[in-house]
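**Student:** Residues 95 to 231, numbered by our numbering, are exactly what the sequence shown covers, in order.
Be aware that a few hints might be false.
Label pairs and their computed distance ranges (CB to CB) [as the list claims (entries may be wrong)]:
{"#": "1", "residue 1": "VAL205", "residue 2": "LEU126", "range": "32 to 38 Å"}
{"#": "2", "residue 1": "LEU122", "residue 2": "ASN162", "range": "32 to 38 Å"}
{"#": "3", "residue 1": "ASN141", "residue 2": "GLY110", "range": "42 to 48 Å"}
SDA-like, lysine to any residue: derived pairs with alpha carbons at most 25 Å apart [claimed, not checked]:
{"#": "4", "residue 1": "LYS230", "residue 2": "MET118"}
{"#": "5", "residue 1": "LYS230", "residue 2": "THR195"}
{"#": "6", "residue 1": "LYS230", "residue 2": "LEU126"}
{"#": "7", "residue 1": "LYS230", "residue 2": "LEU199"}
{"#": "8", "residue 1": "LYS230", "residue 2": "LEU123"}
{"#": "9", "residue 1": "LYS230", "residue 2": "ILE174"}
{"#": "10", "residue 1": "LYS230", "residue 2": "ASN141"}
{"#": "11", "residue 1": "LYS230", "residue 2": "GLN173"}
{"#": "12", "residue 1": "LYS230", "residue 2": "GLY179"}
{"#": "13", "residue 1": "LYS230", "residue 2": "VAL205"}
{"#": "14", "residue 1": "LYS230", "residue 2": "GLN181"}
{"#": "15", "residue 1": "LYS230", "residue 2": "PRO203"}
{"#": "16", "residue 1": "LYS230", "residue 2": "VAL156"}
{"#": "17", "residue 1": "LYS230", "residue 2": "PRO157"}
{"#": "18", "residue 1": "LYS230", "residue 2": "ASN185"}
{"#": "19", "residue 1": "LYS230", "residue 2": "PRO186"}
{"#": "20", "residue 1": "LYS230", "residue 2": "GLN183"}
{"#": "21", "residue 1": "LYS230", "residue 2": "ALA166"}
{"#": "22", "residue 1": "LYS230", "residue 2": "ASN160"}
{"#": "23", "residue 1": "LYS230", "residue 2": "LEU127"}
{"#": "24", "residue 1": "LYS230", "residue 2": "PHE124"}
{"#": "25", "residue 1": "LYS230", "residue 2": "ARG178"}
{"#": "26", "residue 1": "LYS230", "residue 2": "ALA136"}
Keep in mind the hints are simulated off the structure, nothing from the lab.
Ideal Cβ placement from N, Cα and C applies to all residues, glycine included.
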Amino acid sequence: MKKRKLHRKRTIHRSGAAVVEFAMTAPLLFLLLAGALELGHANMVFNATEAAAYEGAREGIVPGANANECRAAAARILQISGIRGAQIQINPADLSVDTDTVDLLITVPYVDNTIVAPLFTRQLQIQRRCRLSREKL
Numbered sequence: 095m096k097k098r099k100l101h102r103k104r105t106i107h108r109s110g111a112a113v114v115e116f117a118m119t120a121p122l123l124f125l126l127l128a129g130a131l132e133l134g135h136a137n138m139v140f141n142a143t144e145a146a147a148y149e150g151a152r153e154g155i156v157p158g159a160n161a162n163e164c165r166a167a168a169a170r171i172l173q174i175s176g177i178r179g180a181q182i183q184i185n186p187a188d189l190s191v192d193t194d195t196v197d198l199l200i201t202v203p204y205v206d207n208t209i210v211a212p213l214f215t216r217q218l219q220i221q222r223r224c225r226l227s228r229e230k231l
């Protein structure tokens, strides 16, 4: 019987061990979870920016298109994706009949689009460029 009493005392003394172990490992677990979430979101912003650059340049290769139509097509994709603070540059600014290529550059400051506190991504800028040849009639 004495062994049973000792065994009960051990159980009583270990009852808080799980709480202490969880308290020590939970911050690491939540940090890894937040990091994975942020990495996935950054990948989504990267891919959406690339798609917007392609769609904007594709709009500009059509004969008769202008730079405002390119900018609007790219901005539409960025808005659908929920990306804020993007800068869209089109080169050349005037798409005339003699223009051979359309070059569209989108710069997105990731600090405006982060979902957790930007501890490591304050200076991150996502840039995607798409250069397409214009169609000739």
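**Student:** Now look at each hint and say whether the structure bears it out.
**Tutor:** Okay, the hints, checked on the actual structure:
Our hint of 32 to 38 Å for VAL205 and LEU126 is violated, since their Cβ atoms are close to 22 Å apart. Hint check: LEU122 to ASN162, Cβ distance near 50 Å, so the stated range 32 to 38 Å is violated. A beta carbon spacing of about 47 Å between ASN141 and GLY110 agrees with the range 42 to 48 Å that was offered as a hint. Under the criterion of a C-alpha separation no larger than 25 Å, the hint pairing LYS230 with MET118 is inconsistent with the structure, at around 66 Å.
For the hint pairing LYS230 with THR195, the CA-to-CA distance comes to about 11 Å; that is within 25 Å, so the pair holds. A distance of roughly 52 Å separates the Cα atoms of LYS230 and LEU126; the hinted pair therefore is violated under the 25 Å criterion. In summary, the hint linking LYS230 to LEU199 is supported, as the alpha carbons are separated by about 23 Å, within the 25 Å threshold. Proposed proximity of LYS230 and LEU123 is contradicted: the alpha carbons are some 57 Å apart, above 25 Å.
About 31 Å separates the Cα atoms of LYS230 and ILE174, which puts this hinted pair outside 25 Å; it is violated. The suggested pairing of LYS230 with ASN141 is violated, with an alpha-carbon distance near 29 Å, which exceeds 25 Å. Under the criterion of a C-alpha separation no larger than 25 Å, the hint pairing LYS230 with GLN173 is inconsistent with the structure, at around 31 Å. In summary, the hint linking LYS230 to GLY179 is not supported, as the alpha carbons are separated by about 34 Å, beyond the 25 Å threshold.
For the hint pairing LYS230 with VAL205, the CA-to-CA distance comes to about 41 Å; that exceeds 25 Å, so the pair is violated. Distance hint between LYS230 and GLN181 is unfulfilled; the C-alpha atoms sit about 29 Å from each other, more than 25 Å. The hinted pair formed by LYS230 and PRO203 fails the criterion: a straight-line CA distance of about 36 Å is larger than 25 Å. For a cut-off of 25 Å, the pair hint linking LYS230 to VAL156 stands: about 8 Å separates their Cα positions.
Simply put, LYS230 and PRO157 have alpha-carbon atoms about 7 Å apart, close enough for the 25 Å limit, and the pair holds. Distance check on the hinted pair: LYS230 and ASN185 sit about 18 Å apart at the alpha-carbon level, within 25 Å; holds. Pair hint LYS230 plus PRO186 holds up; C-alpha atoms about 17 Å apart against a cutoff of 25 Å. Distance hint between LYS230 and GLN183 is fulfilled; the C-alpha atoms sit about 23 Å from each other, no more than 25 Å.
The straight-line distance between the Cα atoms of LYS230 and ALA166 is roughly 23 Å, inside the 25 Å bound, and the hint therefore holds. For a cut-off of 25 Å, the pair hint linking LYS230 to ASN160 stands: about 15 Å separates their Cα positions. Straight-line distance between C-alpha atoms of LYS230 and LEU127 comes to about 51 Å, which puts the hinted pair past the 25 Å bound. For the proposed pair LYS230 and PHE124, the alpha carbon gap of about 55 Å is over 25 Å, so the pair is violated.
Between LYS230 and ARG178 the alpha-carbon distance is near 35 Å, which puts this suggested pair outside the 25 Å criterion. Using a Cα cut-off of 25 Å, the hinted pair LYS230 and ALA136 is violated, with the two alpha carbons roughly 37 Å apart.
Of the numbered hints listed earlier, those contradicted by the structure are 1, 2, 4, 6, 8, 9, 10, 11, 12, 13, 14, 15, 23, 24, 25, 26.
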